[in-house]
Amino acid sequence: MKVFSKIYMGLVFALLYAPILVLVIYSFNEAGELGSFSRVSLYWYRQLFRDAKAFESLKNSLFLAVTSSVLATVIGTFAALGLDRMRRRYIRNAIMSVTNIPMMNPDIVTGVSMMLFFVASASILGLASPLGRTSMIIAHTTFNIPYVILSVRPRFLQMDRNLTEAALDLGCTPSRAFFKVELPFITPGIISGLIMGFTLSLDDFVISHFVSSPDFQTLPLYIYNQTAHQVKFSMYALCTLIILSILILLLIINFAGTFGETNNNKILKLKRKESRS
Amino acid sequence: MKKESVLIRLRGISKSFDGETVLDNIDLDIHDKEFITLLGPSGCGKTTTLRIIGGFETPDSGEVFFEGKLINDLPPYRRQVNTVFQRYALFPHLNVFENIAFGLRIKKLCEEEIRTRVKEMLALVNLRGFEKRHVSTLSGGQQQRVAIARALVNNPKVLLLDEPLAALDLKLRKDMQNELKNIQQKTHITFIYVTHDQEEALTMSDTVVVMSEGRIQQIGSPVDIYNEPVNAFVADFIGESNILDGVMLEDYKTKFSGQVFSCLDYGFEKNEPVDIVIRPEDVDVVPVERGMLTGKVINVTFKGVHYEVIVEIDGFKWMIQTTDYVAPEATVGIYIEPDAIHVMKKSQYSGKIGDYSSYSEELEHLSDVNEIPPAEVRYEE
Amino acid sequence: MRSSVRHRSLLERAAAAPHVVWAILFIVAPLLFVIYFAMTDAEGNITLKNLASLADYSNIFLLSVSFAFIATLICLLLGYPLAYFMSRASKPARRALLLLLMLPMWISLLIRTYSLMALLDNGGLLNTLLVSLGFERIKIIGTGGAVILGMIYDFLPYMVLPIFTVLTKLDPRYIEAAADLGCNGLQVLGRVILPLSLPGVISGITMVFVPSISTFYISQKLGGGAFELIGDTIERQFQHPSTYHTGAAISLVMMILIIISVAIMNRFSDNGGGFVV
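Residue numbers (my numbering), protein chains in the order written: chain A, 1 to 277; chain B, 278 to 658; chain C, 659 to 935.
Worth flagging that the hints you see were computed from the coordinates, not collected in a lab.
For every residue, glycine included, the Cβ atom is placed at its ideal position computed from N, Cα and C.
Hints may be right or wrong, so weigh each one.
Below, a list of computed lysine to aspartate or glutamate pairs in the EDC-like style, where the Cα atoms sit at most 20 Å apart [what the hints assert, rightly or not]: (1) A:K180 / C:E834; (2) B:K310 / B:E344; (3) A:K2 / C:E834; (4) A:K180 / B:E388; (5) B:K532 / B:D522; (6) B:K629 / B:E614; (7) B:K451 / B:E476; (8) C:K797 / A:D84.
Between beta-carbon pairs, the in silico distance windows are [claimed, not checked]: (9) A:Y90 / B:Q462: 48 to 56 Å; (10) C:K749 / A:Y8: 17 to 25 Å; (11) C:R849 / A:Y90: 32 to 40 Å; (12) A:N100 / C:A754: 47 to 55 Å; (13) A:Y8 / C:L669: 49 to 57 Å; (14) A:Y90 / C:G802: 55 to 63 Å; (15) A:G32 / C:P676: 48 to 56 Å; (16) C:L828 / A:R87: 47 to 55 Å; (17) B:P550 / A:Y90: 49 to 57 Å; (18) B:F579 / C:R849: 38 to 46 Å.
Here are a few chain A residues that sit away from chain B, every Cβ distance over 12 Å (derived from the structure) [stated by the list, open to error]: (19) F4; (20) R39; (21) K59; (22) S121; (23) S123; (24) L125; (25) I137; (26) L163; (27) C172.
Please construct the entire structure, taking both the sequences and the accompanying hints into account.
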């Protein structure tokens, strides 16, 4: 059984990773065709680095990811705070249902709905070009907010109400209690929401495909356009670089996360122990 | 304990949540330097009373006075009281030192004073050397001490403790009871303590306030509460009791279980129906011929120091604690001294509790008590 | 514990307001525009023509549903054992396996689809390998199988992750209790583990089915244009303003279908306890 499970896992993960590995390997193939592997070289990387458009879209992607994730984190964190303080359950539920729409809906529907919204409202307001940088920021912020709320709200729910009361008891005014006690407690949620938003924004292709314009291209859009008609090996190089940066980012988060998580686990274990005795 | 001055005065406090009355017209005086315990089953309103004193709840009606000043609307951070919360509520992002220093930092004291006072507190609660420890690495008892230190370091006039020992195991709980009492005597701070554990209340308190269904049933010293319960609820909640239906024939003479007994109680109407309380340890098992009442032994349980014997007399099951072995199924007599008989006025609790026919399910008795609908009879003392 | 209501400032209660405004503007309003476009013609007159014309697309709907269904089913059959084996691994191994599973999820599906192309292409590695071993070259790209394979490859991690999460949280005492009560290994799986992991299965199915049925990129790249799915149709309609109305109508119908099926699935998972093998 043990052996079988290992073989099975090995096979499925091989299936998951084989294509990625092939892509990475072929990005170093100077021949520039899939049929034969001539020589290991950085030729396609050099080609890529000569591509001003690739840099332009990288810049756009990073700008967009930072702007939309920060914006979404601010709005989402305040929203989680407001939801936490809200007393009427039906209002809270209504807000949460609307919030969940972008996560439930297929991306393509979110994309076309926003495109229609931008196009129609621009024609109502008499604006010339509705799509571009602004529409992209709005769209990305919109699909990031639910993820921020989703990662901040549980922190509020997990928080012992007595913590806030203890701060008040020890002389904090309500606003000081928030900054000295509640904010530190929800910070891990805020950070994970921020990171999630950042990566979702970097990754997004489908929604961007509908709300962007040719003069504001992000990396995924650039890759899509470049590979629409033929195989381009400089794109292999670009994808390899993206995969590498994701790998590094994921490893960093994972090791940073290990620390926080063990701490949480310890607290949980202690609590469990006490409640049992 | 001398009761010099009233520190906190509650007058006519009522509070309800979602239409459900939790506190019903509470009057209570709390004296300076007193260890007072609010005791009652869950849902009796004891925690709400504490939270009103702490400023976490506002009463729907009634007044809260602190040193003679009305403080109904004073927020918690302006009150001279501090709280030890039920599950301690230590700040998870701060270490032991910073948790204790929290209130002092809010007051913007200088670093040096903070350090001295935190050190003093750590010494007081026996946690020297724990400054740098993270609170999540502490045991329950240690967290408890940090919570106490964090509250006491602010020199409050009053310390509120909300079931602080509930999460600890039995042995640790006993140790902490003594320690809390010592701390209270050393610091001369008024302690208001909330618990559902009657033994805890009797062990530590100067004054016990027994509560049920949002009302105060009895206020008194532990000895008074135990020996002179005012009604069947208090008698049953504090310790073990046999509670029987009786009639007060005249002063010093009562009748129950078909027999007339002399007792030390007086001041009732002639032939007034009453509740009779007899503590299990006050009943002697004697040979049938010497017994005032006769019954059959149903169950005998060895409890270490004594045997717990259930004797059925006239359909009523008595609990008797005796150091002498009694054989099951035997017919025995019982003997009761006049001073062991305590007579109480009838109350809404009469007849609901006090029989040991289902004695092993004592806890169920209590939950039954909670389900009694609010009665028309008022019996505040 | 009841929390005190008195110390809530107006600011705290208004904290959710920016999010509410944002959600109304950029989530609700765009969806209303979809409905509006679906129900009007180019002149802005209300019409049911767009919705009626959807009958022409019924074959595409059917094809999309069957492709997505097959892909989801295979993902489940492939993913459940993987999630199960992963959950039974030792704690450090589980961490590593989880990381291995998450990495592909973080890589844009654009890149992963693209990498699959490199592997399956007519001149790709697989065919080169086959030819060098003396086999016939097989045409994979442009077949229905390639499209389904693309869906499986892209979305398999989304099936595994929720099932894995539920399985790791499963209290091992349930398994011990079942064994204690006389279940053999297979019976434990069928009577305890499977029913208890149903919520994970349901959310896995949703997470694979929804993007599969709405994809347009996978069918474009791997279907070689031979298979038009709903996503492709929608995407094509939004290339030109004159067909926005039809596109909106298709999106609307797809959205409603998905909402209904997700709602049914969620109901199923709420009553999950009653599932007996």
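Q.
Are any of the numbered hints broken by this structure? If so, which, sorted upward?
A. Checked against the structure, the hints that fail are numbers 1, 6, 8, 12, 14, 16, 26, 27, while the rest are satisfied.
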